[in-house]
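Undergrad: Take a look at the letters that make up each chain.
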Amino acid sequence: MIRWLVGLIGLGLAATSALAAEPALIGVGYLGLAGTRSTLSLVEQPAENDGVAGARLAIEDNNTTGKFLGQRFALEERRIKEGEDVVQAAAALAEKNSFIITDLPADALLKVSDALRDRGTLLFNAGAIDERLREADCRANVIHTAPTRAMLADALGQYLVWKKWSRWLLVVGSHDEDKLFADALRRTAARFGAKIVQEKTFEDKGGARRTDSGVTLIQRQMPVFTQGAPAYDVLVAADESEVFGAYLPYRTWDPRPVAGSAGLVPRSWDAAQDQWGAIQMQNRFVKLNSRRMTALDMQAWTAARMIGEATSRTNSGDVKKVTDFIKGPDFSVAAFKGTRLTLRDWNWQLRQPILLVDGRMVVSVSPQEGFLHQISELDTLGYDRPESKCKLK
Amino acid sequence: MQAEVRTQMLRMWRVGLLSGLALAAAPAHAFIAYVSNEKSNTVTVIDTESWTVTKTIKVGQRPRGIDFTRDGKFVMVAVGDDDTIQVIDAKTQAVVDSLPSGPDPELFAQDAAGKILYVANENDNTVTVIDLEKRARLGDIQVGVEPEGMTISPDGKTLINTSETTNMAHFIDTASRQIVANVLVDARPRFAEFKHDASEVWVSSEIGGTVSVIDPKKHEVIGKVTFEIPGLRKEAIQPVGIGMTKDDKTAFVALGPANRIAVVDVASRKVTKYLLVGQRVWHMAFTPDEKYLLTTNGVSNDVSVIDVAAQKVIKTIQVGELPWGITIAP
Chain E
1 MIRWLVGLIG
11 LGLAATSALA
21 AEPALIGVGY
31 LGLAGTRSTL
41 SLVEQPAEND
51 GVAGARLAIE
61 DNNTTGKFLG
71 QRFALEERRI
81 KEGEDVVQAA
91 AALAEKNSFI
101 ITDLPADALL
111 KVSDALRDRG
121 TLLFNAGAID
131 ERLREADCRA
141 NVIHTAPTRA
151 MLADALGQYL
161 VWKKWSRWLL
171 VVGSHDEDKL
181 FADALRRTAA
191 RFGAKIVQEK
201 TFEDKGGARR
211 TDSGVTLIQR
221 QMPVFTQGAP
231 AYDVLVAADE
241 SEVFGAYLPY
251 RTWDPRPVAG
261 SAGLVPRSWD
271 AAQDQWGAIQ
281 MQNRFVKLNS
291 RRMTALDMQA
301 WTAARMIGEA
311 TSRTNSGDVK
321 KVTDFIKGPD
331 FSVAAFKGTR
341 LTLRDWNWQL
351 RQPILLVDGR
361 MVVSVSPQEG
371 FLHQISELDT
381 LGYDRPESKC
391 KLK
Chain H
1 MQAEVRTQML
11 RMWRVGLLSG
21 LALAAAPAHA
31 FIAYVSNEKS
41 NTVTVIDTES
51 WTVTKTIKVG
61 QRPRGIDFTR
71 DGKFVMVAVG
81 DDDTIQVIDA
91 KTQAVVDSLP
101 SGPDPELFAQ
111 DAAGKILYVA
121 NENDNTVTVI
131 DLEKRARLGD
141 IQVGVEPEGM
151 TISPDGKTLI
161 NTSETTNMAH
171 FIDTASRQIV
181 ANVLVDARPR
191 FAEFKHDASE
201 VWVSSEIGGT
211 VSVIDPKKHE
221 VIGKVTFEIP
231 GLRKEAIQPV
241 GIGMTKDDKT
251 AFVALGPANR
261 IAVVDVASRK
271 VTKYLLVGQR
281 VWHMAFTPDE
291 KYLLTTNGVS
301 NDVSVIDVAA
311 QKVIKTIQVG
321 ELPWGITIAP
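Residue numbers (the working numbering), protein chains in the order written: chain E, 1 to 393; chain H, 1 to 330.
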């Protein structure tokens, strides 16, 4: 009898200590498309692991913290090839992962969000900058770490206005996303008192981005294309499709700076950003991934860090508890941008300063001095609460 | 032990004699302050009697954490981008040596005897332990992501390190060099300071905007100091450096881009006053007589002098670019 009791206690002890030794596993999925897009500049060509590399670093950071708390994080990556069903892939990923970071086009993200709604999976949109995902098509189970086009355009516009470059020559590409960025830039100009003196469209007539003697041709085309514009201070290019933007700097007919999709570019992050303690993270990133950190990497890093921040504060890996904390009033995350980042509770968009970069340096960081707001100056970037059409469901 | 007591007594006697002499010579005590200038790669030397810059010393790249050795003979300055801690001779005011820290040293703490130095290395999540006499590296302690704040308990038994991305204060037993407890605090903990009676540790959270008060025995957050400045956004209030008077009655907290030092009543943990100083104020040091508190103001490139008793800013001194840390001769 006594021996039996001792045995039972022994077993119980063994079970508790095993439980304490076994860290809680928190699964984070990463869902993106296979393949990379082509850019005009060879140095801007994204790596195969663009985005997920940032998530991987955050998972390492979370695990360093997690070892003090008995939490372990694992990352599972899934890339969709053409013709594959994104909803099926997302559902499979959601089996083991309560949190999924996505780099998907808007329509695909909406499908995934609706398919996973009842399961309780929390999605982090790290890739899509479309306004509609935060406005008419907003979803309660999607947190956005990617900035929106309006946030990017406002960040640039505030600086141009501060610089007193208020007469803009707007050049727009012929693809849908170019037009959406142009819409955002027009809204910015109207908000901050800049004047678009003329708009030009650059038609994409096809053709290769890599050629052997392209420079000679471009050098003749671009001055002619920008000739005869009314007096302007800065050329603002809307070319998300990478068709012409990068050809404009130093080649305009009038000697004017270029901004927007080339020249001075608004981004959530840049490899040159070294303020506010960022250098340590940049170093960790290079060490882990053997390349420099992009904006998409940062947006994915922030998403995975938000998960880690919430799991450590709640001391839980439970998706419901973590989601409630992230959406609660006390949530904020530090992301090397000089200020705490918080969520807009009307559409779950992450408030964040936007860097203005020229490919080598961080030229400025918006919001600019003097752009005031009664709640947060970060809400001078993008659509504010009273303008929002989002009804979370 | 006996020898230690004897040196302590000797030091006390010597200090007493020296200050006696100084008293006889001049009505005010003159002290020497050393300020690290992160961007200019220099250390500015300030005379606290005339409040003037007496020398600018060229040091390695990105000088930040700075402190006198306990004997007052040397100034140690962490030059992060050169992966070392340089040693300045206080007599000649020139760099004479360097210490084997880990990569990217930022802040450090020394034990009461001034024999062991603990260095936070931001780049590889470790605290490096250095023997100051032998100038040798004794080992490393693994901590959280981006270690920064460092302080030692008055009895020398516990080392506190804060890690900026892990958001914890790690309590390390100095004898075994093992972490004994981890206390979660608000985002981006930058600095830790013990009360002189060892009953509390105060940890500032730059992004969280608070100072956590930790019970060092129970390893629990027992209170928080919060800040509110009319007309300033919450985001602009970023606590970093903390200074506490020897009677443990008053704490001074640097609030970064809020350009203010908060005066805090330690017992009630309430702010009693905000003092306007230079731009982006981070660190501070008292003169040994505690008459003055000097703060480093990074963006305005100056040092503010606060009259501690009057709680007033009385002077501003221009130094190098992005002044970061400050130490004053004991």
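Hints are computed from structural coordinates only; laboratory data are not their basis. Computed from a predicted model, the values in this text were never measured in an experiment. Built from N, CA and C at the ideal position, the CB exists for glycine as well. Misleading hints may appear alongside valid ones.
The following residues of chain E were derived to be distant from chain H, with all beta-carbon distances above 10 Å [unchecked claim]:
no.	residue
1	Asp61
2	Pro257
3	Asp345
Heads up, simulated SDA-like pairs for lysine to any residue below, C-alpha to C-alpha not over 25 Å straight-line [what the hints assert, rightly or not]:
no.	chain 1	residue 1	chain 2	residue 2
4	E	Lys205	E	Pro46
5	H	Lys39	H	Val299
6	H	Lys224	E	Ile279
7	H	Lys234	E	Glu369
8	H	Lys39	E	Ile279
9	E	Lys287	H	Asp83
10	H	Lys58	E	Gly277
11	E	Lys287	E	Arg78
12	H	Lys234	E	Glu387
13	H	Lys115	H	Gln142
14	H	Lys249	H	Val221
15	H	Lys246	H	Gly231
16	H	Lys270	E	Ser316
17	H	Lys234	E	Ser364
18	E	Lys67	H	Pro216
19	H	Lys224	E	Pro46
20	H	Lys39	H	Gly60
21	H	Lys249	H	Thr226
22	E	Lys327	H	Ala236
23	H	Lys91	H	Asn123
24	E	Lys287	H	Gly139
25	H	Lys134	H	Ser98
26	E	Lys163	H	Val299
Chain E stretches covered by chain H per the calculated footprint, using a threshold of three residues with CB under 8 Å from any CB of chain H [what the hints assert, rightly or not]:
no.	region
27	126-135
28	245-254
29	263-270
Undergrad: Would you mind marking each hint as holding or not holding in the structure?
TA: Verification of the hints:
1. Asp61: Violated, since 5 Å does not exceed 10 Å.
2. Pro257: holds, 27 Å
3. Asp345: holds, 16 Å
4. Lys205(E) to Pro46(E): holds, 24 Å
5. Lys39(H) to Val299(H): holds, 11 Å
6. Lys224(H) to Ile279(E): violated, 30 Å
7. Lys234(H) to Glu369(E): holds, 16 Å
8. Lys39(H) to Ile279(E): Given pair lysine 39(H), isoleucine 279(E) holds - Cα atoms ~14 Å apart, limit 25 Å.
9. Lys287(E) to Asp83(H): holds, 17 Å
10. Lys58(H) to Gly277(E): holds, 23 Å
11. Lys287(E) to Arg78(E): holds, 24 Å
12. Lys234(H) to Glu387(E): holds, 24 Å
13. Lys115(H) to Gln142(H): Given pair lysine 115(H), glutamine 142(H) holds - Cα atoms ~21 Å apart, limit 25 Å.
14. Lys249(H) to Val221(H): Within the cut-off at roughly 19 Å; holds.
15. Lys246(H) to Gly231(H): violated, 33 Å
16. Lys270(H) to Ser316(E): violated, 32 Å
17. Lys234(H) to Ser364(E): holds, 22 Å
18. Lys67(E) to Pro216(H): holds, 21 Å
19. Lys224(H) to Pro46(E): violated, 45 Å
20. Lys39(H) to Gly60(H): holds, 11 Å
21. Lys249(H) to Thr226(H): With Cα atoms ~17 Å apart, lysine 249(H) and threonine 226(H) stay inside 25 Å; holds.
22. Lys327(E) to Ala236(H): holds, 23 Å
23. Lys91(H) to Asn123(H): Given that 25 Å is the threshold and the Cα spacing comes to 33 Å, the pair is violated.
24. Lys287(E) to Gly139(H): With Cα atoms ~23 Å apart, lysine 287(E) and glycine 139(H) stay inside 25 Å; holds.
25. Lys134(H) to Ser98(H): holds, 12 Å
26. Lys163(E) to Val299(H): holds, 21 Å
27. 126-135: That given contact is violated, which follows from only 0 residues of the region 126-135 of chain E lying within Cβ reach (below 8 Å) of chain H.
28. 245-254: Check failed, 0 qualifying residues.
29. 263-270: violated (count 0)
Going down the numbered hints, you'll see the structure goes against 1, 6, 15, 16, 19, 23, 27, 28, 29, while the others check out.
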